[in-house]
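Okay, here's what each chain looks like letter by letter:
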Amino acid sequence: MTTETHDTSTPRGLPDWAWYACVPLAAIIWWALYNQLIPFSEWATSLFPVARNSHTGEAIVFFIYDVPKVLLLLTGIVFVTGVLRSWFSPEKTRAILAGKREILGYPLAALLGVFTPFCSCSSVPLFIGFVSAGIPLGVTFSFLIAGPLVGPVGLGLLYGLVGWQIATIYLVFGFTIATVAGFVLGRMGLERYLQDWVRELNAGPVGDLPEEQLTLVDRLKIGIDQVREIVGKVWIWVLVGIGIGAAIHGYVPEAMMLRIMGGEAWWSVPAAVVVGVPMYTNAAGVIPIVEALLGKGAALGTTLAFMMSVIALSLPEMIILKQVLTYRLIAIFIAVVSAGILATGFFFNIIL
Amino acid sequence: MKTVKVYGPGCKRCETTEAMVKEAAQKLGLDVEVEKVTDQKSIAMAGVMSTPGIAVDGKLVHAGGVPDAVKLEGWLSA
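One line per chain: the protein sequences are A and B, in this order.
Going by the working numbering, the first residue of the first sequence is number 1, and it counts up by one from there.
Going by the working numbering, the first residue of the second sequence is number 1001, and it counts up by one from there.
Hints are computed from structural coordinates only; laboratory data are not their basis.
Worth double-checking, as some hints may not be accurate.
Straight-line alpha carbon distances no greater than 25 Å define the calculated DSS-like cross-link-like pairs of lysine-lysine that follow [stated by the list, open to error]: (1) A:Lys92 x B:Lys1002; (2) B:Lys1012 x A:Lys322; (3) B:Lys1012 x A:Lys233; (4) A:Lys322 x B:Lys1041; (5) A:Lys92 x B:Lys1041.
Could you build all of it, start to finish, from the sequences and the hints given here?
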């Protein structure tokens, strides 16, 4: 390799000092905008010729307030997460997990699942990379469950839209589900339900990838790239989610919400899971709906169960995992995770 | 003549990476054969856990995202 000078920034990109100036400036602008959301939404709503307290008026206020808010939060969270995650990689995570005792592996895998950068399109190579390095199947599942379930986008939006109390509850229970479900799956001895070719794989020469040296500016660039990629892909789900949230907020009567999703209706928890599992959206799309549901008096346990089942279990991911897992194993996986979600839902409906 | 393998199941970033490799090779005037590996099993067996990954002449040099253009030229001309 040719000897490189310390200046590895791309010639056509911004010089380093511009990055150091622009990022704090962008943070200040972000903060200023975030603090103008209420006056802005009130002004924008006044442009519509509908009464503020009519059904339609309520729905419009919800929509106009939430769209810029969620997009701002999403941009901020994705950027910060992208930068932080540049210190982690699946390779490093695997090296950490491979040497650990199994019992420590579950919580550690759940924790690393939150921080390791990971795209669902590489679920399969990641799965094989873990299992072939001798990481127990259950520990690998803990990692795969925690990644989406307790992702920073979901937590950050819950914090911003619903409040820190519920965000904290979600974090604690999401983390527990990932740990315990992985443990239970690990105890069940499911290796025989892997696809044949996966079982036959011997730990191949797993890539000894040279670690790339990243400067702080490289990491900031990764953050920007993440914003471009994720916000560019997710914004449509955000609009749909807020639209549904607005409709609930404006039009659904509270009495009806209490009957369907109230704490008295015990069957609402399993119903929420049954509705949530096949629903495919992401955290950014579902949390405005959660916000509206809770605002109308839906029980916390039922709402958490709905949210967790939408985020944790998605059909497209199961289709990807079908390449390494048999149907039977996928069914067991869904059943165990759903059981954890149901338990969480019932727990909160009973204690509150 | 170098052989470059781009590992990726076909997501957008993998296509970008493939195009970048071709562009860099052209820019450097190198005779490079680019092979795209989309089969999940082959990707995993090559030791790639996060796609896209790049191997030059059988040696893995990068995984986990669209590469930096300058670094890519470095790998190709090494």
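Notebook entry, point to check: Any hints this thing doesn't respect? Which numbers, in order?
Noted result: 1
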